[in-house]
Amino acid sequence: MQPDPATLAMAWHAAQDLADGEVAFVGIGAPGLAAMIARRLHAPGITMIFESGVIGADPDKPPLSTGSPSVARGAAMLGSMMDVFAALQKGIIDVGLLSGAEVDRFGNLNSTVIGHYDRPTVRLPGSGGAHDIAVLARRTVLLMPHEPKRFVQRVSYVTSPGHPGVGPRRPGPGRGAGPAALATPRALFRFDDGEMTLAAVAPGFTADQAVEGIPWVVRRRQTLASLPPLPALDGPAFHFMHKGGAE
Amino acid sequence: MQPDPATLAMAWHAAQDLADGEVAFVGIGAPGLAAMIARRLHAPGITMIFESGVIGADPDKPPLSTGSPSVARGAAMLGSMMDVFAALQKGIIDVGLLSGAEVDRFGNLNSTVIGHYDRPTVRLPGSGGAHDIAVLARRTVLLMPHEPKRFVQRVSYVTSPGHPGVGPRRPGPGRGAGPAALATPRALFRFDDGEMTLAAVAPGFTADQAVEGIPWVVRRRQTLASLPPLPALDGPAFHFMHKGGAE
Amino acid sequence: MSLEQAIRGLVPSGSLVFVGGFGQCVPFAAGREIVRQGVTGLTLCRTGADILFDLLVAAGAAKEIVVGWFGNPGIGISHICRRALAEDRLRLRETSNFGLLLRLEAAAMGLPFLPTHVLAEGDLVPDGGRRSVVCPFTGLELTAVPALVPDVALVHAHRADPLGNVQSSGILGDTLAGARAARRIVVTVEKIVDPAEIRADPGSTILPAHLVSAVAEVPFGAWPSYVDGVYDRDDDYYRAFDRLSRDPAWVDNWVQDTRTGVAEVVAPARKAALVQAAHEPPHAA
Amino acid sequence: MSLEQAIRGLVPSGSLVFVGGFGQCVPFAAGREIVRQGVTGLTLCRTGADILFDLLVAAGAAKEIVVGWFGNPGIGISHICRRALAEDRLRLRETSNFGLLLRLEAAAMGLPFLPTHVLAEGDLVPDGGRRSVVCPFTGLELTAVPALVPDVALVHAHRADPLGNVQSSGILGDTLAGARAARRIVVTVEKIVDPAEIRADPGSTILPAHLVSAVAEVPFGAWPSYVDGVYDRDDDYYRAFDRLSRDPAWVDNWVQDTRTGVAEVVAPARKAALVQAAHEPPHAA
Chain A
1 MQPDPATLAM AWHAAQDLAD GEVAFVGIGA PGLAAMIARR LHAPGITMIF ESGVIGADPD
61 KPPLSTGSPS VARGAAMLGS MMDVFAALQK GIIDVGLLSG AEVDRFGNLN STVIGHYDRP
121 TVRLPGSGGA HDIAVLARRT VLLMPHEPKR FVQRVSYVTS PGHPGVGPRR PGPGRGAGPA
181 ALATPRALFR FDDGEMTLAA VAPGFTADQA VEGIPWVVRR RQTLASLPPL PALDGPAFHF
241 MHKGGAE
Chain B
1 MQPDPATLAM AWHAAQDLAD GEVAFVGIGA PGLAAMIARR LHAPGITMIF ESGVIGADPD
61 KPPLSTGSPS VARGAAMLGS MMDVFAALQK GIIDVGLLSG AEVDRFGNLN STVIGHYDRP
121 TVRLPGSGGA HDIAVLARRT VLLMPHEPKR FVQRVSYVTS PGHPGVGPRR PGPGRGAGPA
181 ALATPRALFR FDDGEMTLAA VAPGFTADQA VEGIPWVVRR RQTLASLPPL PALDGPAFHF
241 MHKGGAE
Chain C
1 MSLEQAIRGL VPSGSLVFVG GFGQCVPFAA GREIVRQGVT GLTLCRTGAD ILFDLLVAAG
61 AAKEIVVGWF GNPGIGISHI CRRALAEDRL RLRETSNFGL LLRLEAAAMG LPFLPTHVLA
121 EGDLVPDGGR RSVVCPFTGL ELTAVPALVP DVALVHAHRA DPLGNVQSSG ILGDTLAGAR
181 AARRIVVTVE KIVDPAEIRA DPGSTILPAH LVSAVAEVPF GAWPSYVDGV YDRDDDYYRA
241 FDRLSRDPAW VDNWVQDTRT GVAEVVAPAR KAALVQAAHE PPHAA
Chain D
1 MSLEQAIRGL VPSGSLVFVG GFGQCVPFAA GREIVRQGVT GLTLCRTGAD ILFDLLVAAG
61 AAKEIVVGWF GNPGIGISHI CRRALAEDRL RLRETSNFGL LLRLEAAAMG LPFLPTHVLA
121 EGDLVPDGGR RSVVCPFTGL ELTAVPALVP DVALVHAHRA DPLGNVQSSG ILGDTLAGAR
181 AARRIVVTVE KIVDPAEIRA DPGSTILPAH LVSAVAEVPF GAWPSYVDGV YDRDDDYYRA
241 FDRLSRDPAW VDNWVQDTRT GVAEVVAPAR KAALVQAAHE PPHAA
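Chains as they are written, first to last, in full-length UniProt numbering: chain A, 1 to 247; chain B, 1 to 247; chain C, 1 to 285; chain D, 1 to 285.
Do not rely on the hints blindly, as some may be mistaken.
No more than 27 Å apart at the CA atoms, straight line, and that leaves these computed lysine-lysine pairs for DSSO-like [stated by the list, open to error]:
(1) K271/C / K191/C
(2) K271/C / K61/A
(3) K61/B / K271/D
Distance windows between CB atoms, simulated [what the hints assert, rightly or not]:
(4) D20/A / K191/D: 19 to 29 Å
(5) D257/C / K191/D: 51 to 61 Å
(6) R130/D / S13/C: 37 to 47 Å
(7) D118/A / S13/C: 22 to 32 Å
Keep in mind that the hints were calculated from the coordinates and are not lab data. Backbone N, C-alpha and C define an ideal beta-carbon position, used for all residues, glycine too.
I would like the entire structure built from these sequences, with the hints used as guidance.
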């Protein structure tokens, strides 16, 4: 299952916030893809941790689930779920990569329900480890498709807490610093003072297009950076995506 | 290192309280020996657990320490220390086998200090897992050499709590029923109403010899049972003790 | 003991059932047997639910799920649970994955609760309500989560001896936490082996016999999930399920086929392909 | 990194040091290097102390021990620690083995405390004083034990890659709880291997590279303790130690021999015998 170009761009932009040697708690789909891309390009020493207990994973193709054979094969360690969540709670995971159905201007994520909790319009799969990663990782990087309905002033249900809405989240024991960045296929946002702020734009998009459809006036940094262009799809960084077989 | 005949007799008497299919938390020396003898005679389905994390151990000779190679070799499972203590706290360990430097009439054990804590006459190695086993095992079986100085009215330091001195210990969540029996080379005592009570005497000893030197008037059951004689030392039950090599 | 006997004796209607497996070793065979026997009123629990939950909900075996996540792992939502929730045939008690794991871990440790730093913020209310506990040493306020004690845990694994010493390898996830938390454990394995084989490699044992109430040999018993190094995950099945399970008529047929045993017949060629895939070296070209 | 560099950089005087190993894999080589470097003022912790504690106390490297038990495992008391306590050269903070394990587990889980059912009765007062905590769901009163966070953990293991992914087998005891609890981990191994060898068998990995600060190859680095399947425990050494360590003059010589490196020279014949014993099949006649 090859990711579409927009997902790939979003993952690529999120990968810009991952530094070599960092320990990243990742999930399936775009978050995992971001770490896999970083590992194959500028951050070969990144350690990927999956909630299934797999540490130092090196999947040879994008896995279908966190418990897939390709997550285990070739990993550095197969631990337990408690091993990895305990490490997360201990505060030694540098970065958590998260997505969700909805995000708001303070980086709160909703992956539980759209609408009223008891009679929802859309019932989603729930937190999984997302709430825990959002609270405990030293920082988080969010990934969101550029679909304006996913951006809301205030999410209807806070599954994964972001910034409090009055300045940035204060880290402490058992408490990370919250969202550091939000990547879309068009841009990278930062959370200056705890609010989503346009910081860098992808080649081919204007600043206005980067915030197009988002239902509030999105803060912008005075000087916007340019995101590096997506590497060639047939290059070595993306070779792993062209593999067939079980995932 | 072959155990002396008195230790062997004591272990044999303690083994009388172990039933087939039980799960026993054991230590090194006489407590382990009791379980090994039971396993080779009347309780082949006994599960021996060592605090080192070894479950279903089947040492081929008396091990020197709970972490010895012979404890691990041929075991059913090598778990962690947390695995076995968690199981103990969950209340699923049928019996703990314990010894100590001193015991009192209510089954309290001292393995910490003789004399004042800060300026002890004799400093002992401390609790180890003994306190935990005493509190958490469903019942305990104590083993004591027949050395009168080890029997005291009240131990000077309660490392491993026995019965409260006013009736039997009440089991509950995270709390076992306490000492069920105390084995010496000469006799088996029970804790009727929570007090050490002579219940059975070994062949060749009288009831008076069974309590000889113990510094209080030891309760006796109205009808005393006879302990079975120690099986022949060259029989199959004791074959494992005649092995050389590393322990 | 046969699987039929194990389920009949150890998984009565109304039980709280922990369902083991994380990606691999999902106990599908045990779940299908539950459906065949017409067990009802179960509450299912684990951190992230696999599509075995869908089968048990669709068949009316389960009336409640206690989870951190439910859906088709890596693929999408649970169409079956979503419908059952909307139609009030299913009750959901949800927390985060770590929150649920700690509830099981508390039970496994013989504790009534465990403290944690999560679940204090946001809208997720822990099961039993949001209660705090203060560290008596630091004064720090933490969230308490209550122990969750399953009546029975279902576990699928690689091998076991007839006594119930169980061995496995690969991803275990929350399987051991849930199994140790439970009052009883029912195990299916790919292969029953001699006790001497287990004792020759005690480091591979994941559950000791004294915790295991029943063990039954059921080859391919985790399909369509996988068993590390034995057969691979049937990803095509999971993908197709996302499409097919949207259709209530297909779901009814699927439940019916499960009751009659048709649903678990895997074509030999497919079996062979899954077995072969599990034996490819890592990072094969 | 060499062991000399690892100890110099990561075990400064005054550190709280968790000493790994339980019967097997006691990190003697690392301990001897600490003595050689003249490190002082250490506090040592683990559940049950091995005779490596005696060396570090005798050499004046450790001024305090935090343990559940201290002595010569399976043989008897610690003559060296007993003397040091009587002469006020050593401070002892003791709890039960489970109590100490829970203190490490709390740290490993990122919690300031853990509740437990032990340490409420009897004369053992938990470190930090006896504090209770009430379960907010059941009202049950439990004992709280405070997290113990070692500055550094010393671990000996079978093998590691140069990145610090560590593999071992056999009895682990409390080693992983203590290592995960610590801020840093210093590892010695019998053999440094290629990362590919580690990744071919990720189920045997006990510590991942990102937790490990340094790894050094030191063959026979656990002697006189053992390494499962590599060499057996030198029981004669432990037995002789019980007799010899009663004599302060012998102990002074032993410390001196450790400083000069003489103490760790193992006769080739003895090495060969210990290696051979480790390769006997279980239950050999």
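Here is what the structure says about each hint:
no.	hint	result
1	K271/C / K191/C	16 Å, holds
2	K271/C / K61/A	22 Å, holds
3	K61/B / K271/D	22 Å, holds
4	D20/A / K191/D: 19 to 29 Å	28 Å, holds
5	D257/C / K191/D: 51 to 61 Å	53 Å, holds
6	R130/D / S13/C: 37 to 47 Å	46 Å, holds
7	D118/A / S13/C: 22 to 32 Å	27 Å, holds
Against the hints set out earlier in the document, no violation occurs for any number.
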